[in-house]
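**Q** Given next are the chains, with one letter for each unit.
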Amino acid sequence: MSAPATTTPSTLPSLVGRPVSFKTTIVLGLLAVLAFVFFGALGSDNSATLRLATDGDLFALPALVLPGRITGIVVGFLLLAIAGISFALARRGEKLPAWAVVVFGVLFVLGFLAWAVSGGDTPSISLTGLLKGALTLGIPLIFGTLSGVLGERSGVVNIAIEGQLLGGAFSAALMGTITGNAYLGLISAAVAGALVSMVLAVFAIKYLVNQIIVGVVLNVLVSGLTGFLFGQVMTANPEAFNQPPRLDRLPIPFLSQIPIIGPIFFQQTIIGYLLYVAVIGVWYALGHTRWGLRTRAVGEHPKAADTLGVKVNSLRFWNVTLGGAIAGIGGAYFTLEAVEMFTKDMSGGRGFIALAALILGRWNPIGAALAALLFGFADNLAVVLSIVGTPVPSQFLEMLPYIVTIFAVAGLVGKSRGPAASGEPYVKE
Amino acid sequence: MSSQDQTVRREASLTQKIAGSGWLMSLLAILVSLVVGGLLIAFTNETFQESLSYFFAAPQYALSAGWHAASAAYVALFQGAVLSPDTGFAPLAETMTNATPLIMAGLGVAVAFRAGLFNIGAQGQLIVGAIFGAYAGFAWHLPAALHLLVVVLLAVLGGALWGGIVGWLKALTGAHEVILTIMLNYIAIKLLDWVLNTPAFLRPGETNPISPLVDKSATYPIIVPGTRLHLGFIVAILLVLAMWWLMNRSTLGFQLRAVGENPAAARTAGMSVKRATFLAMAIAGGLAGFAASAQIAGTEQVLANGVAGSIGFDAITVALLGRSTPWGTFFAGLLFGAFRAGATNMQISTGTPIDIVLVVQSLIVLFIAAPPLVRSMFGLNRLAGIKKAPSARKAAKLAATSAKSVEDAKTAPAVGQGKHAAASGGDAPTQDAAADENTSSEGGTK
Numbered sequence: 001m002s003a004p005a006t007t008t009p010s011t012l013p014s015l016v017g018r019p020v021s022f023k024t025t026i027v028l029g030l031l032a033v034l035a036f037v038f039f040g041a042l043g044s045d046n047s048a049t050l051r052l053a054t055d056g057d058l059f060a061l062p063a064l065v066l067p068g069r070i071t072g073i074v075v076g077f078l079l080l081a082i083a084g085i086s087f088a089l090a091r092r093g094e095k096l097p098a099w100a101v102v103v104f105g106v107l108f109v110l111g112f113l114a115w116a117v118s119g120g121d122t123p124s125i126s127l128t129g130l131l132k133g134a135l136t137l138g139i140p141l142i143f144g145t146l147s148g149v150l151g152e153r154s155g156v157v158n159i160a161i162e163g164q165l166l167g168g169a170f171s172a173a174l175m176g177t178i179t180g181n182a183y184l185g186l187i188s189a190a191v192a193g194a195l196v197s198m199v200l201a202v203f204a205i206k207y208l209v210n211q212i213i214v215g216v217v218l219n220v221l222v223s224g225l226t227g228f229l230f231g232q233v234m235t236a237n238p239e240a241f242n243q244p245p246r247l248d249r250l251p252i253p254f255l256s257q258i259p260i261i262g263p264i265f266f267q268q269t270i271i272g273y274l275l276y277v278a279v280i281g282v283w284y285a286l287g288h289t290r291w292g293l294r295t296r297a298v299g300e301h302p303k304a305a306d307t308l309g310v311k312v313n314s315l316r317f318w319n320v321t322l323g324g325a326i327a328g329i330g331g332a333y334f335t336l337e338a339v340e341m342f343t344k345d346m347s348g349g350r351g352f353i354a355l356a357a358l359i360l361g362r363w364n365p366i367g368a369a370l371a372a373l374l375f376g377f378a379d380n381l382a383v384v385l386s387i388v389g390t391p392v393p394s395q396f397l398e399m400l401p402y403i404v405t406i407f408a409v410a411g412l413v414g415k416s417r418g419p420a421a422s423g424e425p426y427v428k429e
Numbered sequence: 001m002s003s004q005d006q007t008v009r010r011e012a013s014l015t016q017k018i019a020g021s022g023w024l025m026s027l028l029a030i031l032v033s034l035v036v037g038g039l040l041i042a043f044t045n046e047t048f049q050e051s052l053s054y055f056f057a058a059p060q061y062a063l064s065a066g067w068h069a070a071s072a073a074y075v076a077l078f079q080g081a082v083l084s085p086d087t088g089f090a091p092l093a094e095t096m097t098n099a100t101p102l103i104m105a106g107l108g109v110a111v112a113f114r115a116g117l118f119n120i121g122a123q124g125q126l127i128v129g130a131i132f133g134a135y136a137g138f139a140w141h142l143p144a145a146l147h148l149l150v151v152v153l154l155a156v157l158g159g160a161l162w163g164g165i166v167g168w169l170k171a172l173t174g175a176h177e178v179i180l181t182i183m184l185n186y187i188a189i190k191l192l193d194w195v196l197n198t199p200a201f202l203r204p205g206e207t208n209p210i211s212p213l214v215d216k217s218a219t220y221p222i223i224v225p226g227t228r229l230h231l232g233f234i235v236a237i238l239l240v241l242a243m244w245w246l247m248n249r250s251t252l253g254f255q256l257r258a259v260g261e262n263p264a265a266a267r268t269a270g271m272s273v274k275r276a277t278f279l280a281m282a283i284a285g286g287l288a289g290f291a292a293s294a295q296i297a298g299t300e301q302v303l304a305n306g307v308a309g310s311i312g313f314d315a316i317t318v319a320l321l322g323r324s325t326p327w328g329t330f331f332a333g334l335l336f337g338a339f340r341a342g343a344t345n346m347q348i349s350t351g352t353p354i355d356i357v358l359v360v361q362s363l364i365v366l367f368i369a370a371p372p373l374v375r376s377m378f379g380l381n382r383l384a385g386i387k388k389a390p391s392a393r394k395a396a397k398l399a400a401t402s403a404k405s406v407e408d409a410k411t412a413p414a415v416g417q418g419k420h421a422a423a424s425g426g427d428a429p430t431q432d433a434a435a436d437e438n439t440s441s442e443g444g445t446k
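Protein sequence lines, in the order shown, are assigned to chains A and B. Sequential numbering of the first sequence, starting at 1, is according to my numbering. Sequential numbering of the second sequence, starting at 1, is according to my numbering.
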């Protein structure tokens, strides 16, 4: 080995050890103090009841009863302890392990729940229902974020997720109504999402137009196109064009009766089950197959991949198209599962949230899906808590997921590095 | 090379120039987009669909029905945006009124683009600016000129604050500006909803979330009597000039562009990337704040949930269409303002949904960004001296090799630094156009 290589090992540890970052500690510390003061010291004397049982369970679990103030204080202490450990580690130049951050998050949410629910007019919520709704609201986000993963990992920035979701929703409603079959509607949603993606791919790959521009413009195009057709065709004759059938729930025998897990995971429509397949499929395929290796190579270093005989642009094209089809299925959720009709701009910016989840999950399919789930949870939390009637203005509850995201991105994730060639067109020389 | 060759070459280059010119491409792009929009209107027309059943027996009925539907819609659009038989050029004033906030916010997005930042947050910056400005407008009572000045100042401050947060967080922690701006948009929307329900903002005796009207002294004076066109439009033009100066003549502008094109090189040259990031976002937010003032002190004169409309998002398209240059943004803003003004009239008089305008607008941006596509549609490649549609790789290769001349000629961002050029959003159309012109001239020499 050459001289520089031999000197590296000796200098490496000190180089890594030196930069002491207290960023995580500061964020965790702030949150812990907030939790201690608000959830603990200023907490309510009432108890919060978190119900776990649902109808049809094999056996009924007792409800969780948390005394407001005491839970807050205990949680506050635990959080402060984690922040303290983080401080100690940071002084030694080490980072808090990821699982500790997760524990911190779960405890914080628990403390928040105990505080918000115990302060409500009816201090009782169904925890199972809360989690179930979180997954349901997360469905379009997770499908959308997977579309982003497929695009960006192969080197194409996919800002058009919103358009793919909306196109899928529209197509599912239209074809579902015309054919009278929800499953055909679902297929057409995938086709519509793929079509939107193909436009993105053609402009980005063949015409080398900046991918962010194409994405933004495609969102507007799909919004305009579906809005126009909605106004011109659908509203005039909703029976013929805008009354799609709803997808049936398909509870899995036995599994669906397990308390907590059953209602959350195993009472889905086909879209829900496709979600599991998609998340695990994309994760496995990206990490463990030849296709995945090529995709990642094309996203990180297209030239090297090309040298080894990978057809860079064609692989990118098909990956982006596949992503669009996946997002399209997510869009079908709006019109085949949530409500049985299409309305203008009904995806409501969820494509952008999916994009945020993608970056928050660091371009990893599982991470992105979990981040999307977090948004779904926060969304549903705001809904549930507004029913309970907490003292906090509802707008602030609705703001919470976005503020938490900013904290997470600024404090915990920090400088996120996407696939190296993402956004760069590949030009063979 | 013989003299005859040179003459041939010069003659060829004249047609090439026309066929390959940016202006012609832009015009053709607009034309194609309008045609596509017209086809959409025609196909979804009920009379057209009914006459389809006997299309093969008498196609003229279907064709005329489609033609009438599309032309009626576009005539209404034109009458609403430029010249109306009843009110003369009054619609033009409406176009300019609509264009004012679009230009201002578009400039904000463009500045951030040039600094390599993708600012999706104009909407949030506009909303916060509107909250600040509106409060000063209705809660404080000051002498005429001073009051307007204070309102505008506070609106700009609010926008700059919201944009500055993004720049600050990005500079401090490296957080991705796309996430930050998206999140801050949502936070601003909720914040607006909340303040409108507080006693400080809620109009007395009103339960709907709407603020009191701002004082007369806090509004932009009308500059064309009988229309809504206000002084804000002049402010928009001044801002275009100011931005042109800032980006092309000032040290700060040079630093912003340098950071946008190649942060590593800028850092090596001794520039502070963090400072540039913060300033670019704060300026972008401030410009969105100006757009807020155009709403608060101009057209709306009241704070409500819909105060920002979709201006913040349209501003992105405006900046993209304007290729992130100040004057480009100005004309793109005017065009979109015309579409907005005309679309209202079109919906009222022909019942065509307003959304068709979104379709046409987005198609225009797409086509302008991809000149080879438009050229091949019109068979202009042959005229421009290109044997076949320039393959993507050829175009980019030439762009890379000719980066320097393009940069000199257009003060456009440097190309060929792949990653950084791509990262700085708005640069690419320029890059693409440059690539195009080069393919044309290169083709001619062969």
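Just so you know, these hints were derived from the structure itself, not from any lab. None of these values were measured; they are calculated from a predicted model. Mixed in with the good hints there might be a few duds.
Unchecked claim - Which chain B residues face chain A? A few, computed with CB under 8 Å, are given here:
id, residue
1, 40
2, 267
3, 317
Said to hold, decoys possible - Covered stretches of chain B (chain A as the covering partner; in silico rule of three or more C-beta atoms under 8 Å from a C-beta of chain A):
id, segment
4, 96-104
5, 167-181
6, 366-372
Each residue gets a CB set at the ideal place from its N, CA and C atoms; glycine is no exception.
**Q** Take the hints in turn and mark each one as holding or not.
**A** Here is how each hint holds up against the structure:
no. : hint    : verdict
1   : 40      : 7 Å, holds
2   : 267     : 15 Å, violated
3   : 317     : 6 Å, holds
4   : 96-104  : violated (count 0)
5   : 167-181 : holds (count 9)
6   : 366-372 : holds (count 4)
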